[in-house]
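Visitor: So you can see what is in the structure, the chains are spelled out below.
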Amino acid sequence: MNDGGESLPEPEKGALPLDDVGRLVELLAESGVGEIRVRQGELEITVKARIEGPAGATVEPSAAPVIAQTTAPLAEAVSEPGPAERNGGMHVARSPVVGTFYRAPAPGEEPYVEVGDRVGAGQALCIVEAMKLMNEILADVSGEVVEVLVEDAKGVEYDQPLFRIRPEG
Amino acid sequence: MNDGGESLPEPEKGALPLDDVGRLVELLAESGVGEIRVRQGELEITVKARIEGPAGATVEPSAAPVIAQTTAPLAEAVSEPGPAERNGGMHVARSPVVGTFYRAPAPGEEPYVEVGDRVGAGQALCIVEAMKLMNEILADVSGEVVEVLVEDAKGVEYDQPLFRIRPEG
Amino acid sequence: MIGKVLVANRGEVALRVIRACREIGIRSVAVYSTADADSLHRLLADEAICIGPPQAASSYLNIPAIIAAAELSGADAIHPGYGFLAENARFAEICEACNIKFLGPASSVIAQMGDKASARQVAAAVGVPVTPGSDGPCRSASEVKRIGAEVGYPLVIKASAGGGGKGMRVVRAEEEVEAAYTSASREAGAAFGDGSVYAERYMKELRHVEVQVVADGFGKMAIFPERDCSVQRRYQKLIEESPAPELPETARKGMKEAAAALVDSLGYEGAGTVEFVYVGGEFYFIEMNTRLQVEHPVTEMVTGVDLVAEQFAVASGEGLSVAGNVSSRGHAMEFRINAEDPRRNFLPQTGPIEFYNPPGGPGVRVDSHLYAGFKVAPYYDSLLAKLIVHARTREAVLRRGARALDEFAVAGLETTLPLHLAILEDEDFRRGGVSTTFLAGRELKSDGRGLPRLAATGLPSA
Amino acid sequence: MIGKVLVANRGEVALRVIRACREIGIRSVAVYSTADADSLHRLLADEAICIGPPQAASSYLNIPAIIAAAELSGADAIHPGYGFLAENARFAEICEACNIKFLGPASSVIAQMGDKASARQVAAAVGVPVTPGSDGPCRSASEVKRIGAEVGYPLVIKASAGGGGKGMRVVRAEEEVEAAYTSASREAGAAFGDGSVYAERYMKELRHVEVQVVADGFGKMAIFPERDCSVQRRYQKLIEESPAPELPETARKGMKEAAAALVDSLGYEGAGTVEFVYVGGEFYFIEMNTRLQVEHPVTEMVTGVDLVAEQFAVASGEGLSVAGNVSSRGHAMEFRINAEDPRRNFLPQTGPIEFYNPPGGPGVRVDSHLYAGFKVAPYYDSLLAKLIVHARTREAVLRRGARALDEFAVAGLETTLPLHLAILEDEDFRRGGVSTTFLAGRELKSDGRGLPRLAATGLPSA
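Chains as they are written, first to last, in our numbering: chain V, 1057 to 1225; chain W, 1057 to 1225; chain C, 32 to 493; chain H, 32 to 493.
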């Protein structure tokens, strides 16, 4: 196809890029997402997860979750644990522990970060306190804080999203 | 398609790239994903997993059916009750009652019909006895008796196939 | 003595009998209609025979087909369950004639108790209190008027062969008798092929209390703690419990003695239930059911006795394993889970069960033929499952019942599960001793929603 | 007194506790790992908090996370279930320090009974027979030799902190002592962080019999009929029953009295189990479990007592609802259904449950967290379900057990269901009173197939 094309590992014409398909299949399985579609020029690859289940039902939130706002995002959490992740171009910083979320190092002090702030990787975002231990949660990307997802002094579950950060660059 | 293309094992026009399909099928099966679709130029291959029910299971015959030979055909029976039906161009005459199957009007006498006989609609094929009542089973098509499906003096269930008849005309 | 039994029924009661057979070591033969080819009673029995098309008249009520199936399979006994042919004296008689042991009393006893006017006479004859009214059938309107003069109005005219409210008329005053007599008799004749009726004093706000017995036909008998079955909708029981709450000890004892006297007078063999109404501090015999009852597990839970096993013990000549007044431990309650939508006037529900997860844990028993994928057909009655809970006190039973109902997951159709949850929150019901009019026009404070968290939308898919 | 309890466990036991809470009227808080987001204990609790990733060390054994969850939810008590933190004295101590009521005895009692050498000493001190052997830990090989000279060989060296066969060595003669002592101590040190060991006479062909107690901490105590848990595989119980079959009345009585004496001496609060071996007509104390046992439903079935409710009654200060020797009715037996393939050396099984239909009917209880679609994860123990059956005699229990196992449908992975069916056909087991070596190298005459007719291929799909 496109003559000028250089950089890319031009998929040889006609030969199916089975290695790529294999990698997408792996990625699908690991990530737990439902579908991956890649189109490049004339090439398009779609990989979908198998639909399973007797009821085909969705996760029903528990009747009265202690921390109601976390119930919905849990599906994500389960699929991709980790302190931060890509999410529509955003990083989501998550809580690595159960505890109480504090935006400031101590009562009366300034929050570590505000929406609009730029943070560098390794910079403290907040504290999650559990059994009197103050766990500083550090940013693992550099970028702009777009949203604070939890109110100050509220409880957070393991893996609960805390901040949305638009990564730099 | 595109003229200039050389190197590649140009899929001959019209010839289906069955090897590629086979590999995608393998990949799908191994990976457990639900669907793989690859499009390249004019070529598009889609492979989908089978969608299954909770058990995806088949009817399991009861452990020791009294009338073992009838268990399999029951699935048919359920779907199309009736004294006779089309079945691969054949009519199947079924028992309208539970009872004992007799090929002849009385012990020692000739059977009503033999394989190869022509029967007319309304002609007696056999007797099914229940509670000393002799139920004459009549053909509801004209044709040739191709097979007798039950042994003389054996029990038959409701709706059990008794004869296969090749209809006339 | 009994080597193989044909179970002339379907659904949960067929399963109940098949379970007992397996435990006792009797081979079981299921019969099924083409609509029930995938049903558990067919799959779990040792043998199975298709006896007809979906309509009950051509299958589960088809006597020649069932007798033929018994003969083909070599069954030496038939267990009729409840409903269908369980109280059909002719069927029992045919079994007797075919030398097939019918699990139940003699056909003559079935016939005698099946005629309610005659049952009243028999009961009265042995000193069992019956509702004030006619001794036997009333052969004319003037006989009814004579009863009215004797016991006072309102009266109720009932069909001798009746049940379920058919051929029944309430008469408020003498001038209504003629018309009521004629129409009740006509309706009874149409429904049961027998237009005879009888009359008794009409009583409201009554409780339905019954006594389970098993007798061996030779004078040995076990009398079980009474059951209260007053929570009904249109003469259909919904909740049963044992012991009956808020019942004086004298009434409890009196009913058991009355039941024993009646059963003894009949030379009764097998399981049976003597039904009473309890009203104004008095109890009156109403009828006797000569078969296993839907609610028998309630008695099994409080006594530890397996009633179906006792039926087989009697039928095989081994004799009862219990006798006299059987002692009871704790309290038990049964909830009937029907395929009916309690929010839409109990509209019957049919179709596939999409998800099914019965409750478990302590004090919980479930009798059901359901499984995920089973299709509820429109041909038969709506009972899907019986949930029976047992605990040490009635109070604990109420809480355990709510817990178990809450866990009970049936998806794909509506059921009476939320109705039961709502009843369990009703103050009158919780107090105990409600009458049979309890549900009529009642506004339940709870809609039973909010609790059943699994049933509504199914569970998370894998 | 207790308004809200955090259930620090998962699987069937979490469900068991949540069921009790709902029945009692206590709010329940489930904790769960990300692997258990779709589990029933999360869905059925009133509240739920995710406490960590799948690995138990980071979730169900993660003390800070669990305490934080209790504080966040405002739980005033923690029920530890069995396993995980149930016998962790430090966890109990932290709960005490945080003013959260731990459902179990004082942390000091957990510690005392957790050290087996010290538990032996305590038991011996109150006159409970212990296996002949050392009084407390053996601090050197020569101490072991002294025991050998006293009680004779073979001896067994065991880890004080031990369990599950770790740090255990059988010594046949004095010359083997040195090497065995060193390796046992080293293994114990590596496994439990505590190398101390003790020695006792080695006994074969023993039975495992245990006595359940619940005490209120103020001298009031209920002692329950003994359980026999001798059917084991590699120290894992597979079948438990009550009462113990073929056990002389003197032994039964002696064990209960011994258990009561020990528990009384501890100022014990809550539920606990005193375990004995029974060998050569004598019984000996081996250890005490300071928690609910997996097999507690066996006791609940024969006594009608809800042991978890009693735990809450004690913890809330309401006091026990029973006391003294609790009477028993009939016989009960529990079968552990594990996700293991008995035909392939008990290979653990994981993956989705494709079809699930537990058995029902009389005398059947199922405690399980399964449902169709649930995924069995590789991170936790293999117990999927407990089937408990109850009937009037052991003979009837054997038949009811076979019936219920036969109906029990679990599709998608292999389970121990067929093993249990095979054991139920074993003559020695049927006779009763087998020893803990019963299963070792045993050829079972039946392979347990042929019967489970639903589980193998699932049921007809809709």
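Source of the hints: derived by calculation from the structure; they are not laboratory data.
Backbone N, C-alpha and C define an ideal beta-carbon position, used for all residues, glycine too.
Please note: incorrect hints may appear among the correct ones.
[What the hints assert, rightly or not] If we take Cβ atoms under 8 Å as the criterion, some of the chain C residues that face chain W in the derived model are: (1) T65; (2) I80; (3) C81; (4) I82; (5) L92; (6) A100; (7) L103; (8) G220; (9) A221; (10) A222; (11) G224.
Visitor: Taking each numbered hint in turn, which are not upheld by the structure, reported in ascending numerical order?
Guide: 5, 8, 9, 10 and 11
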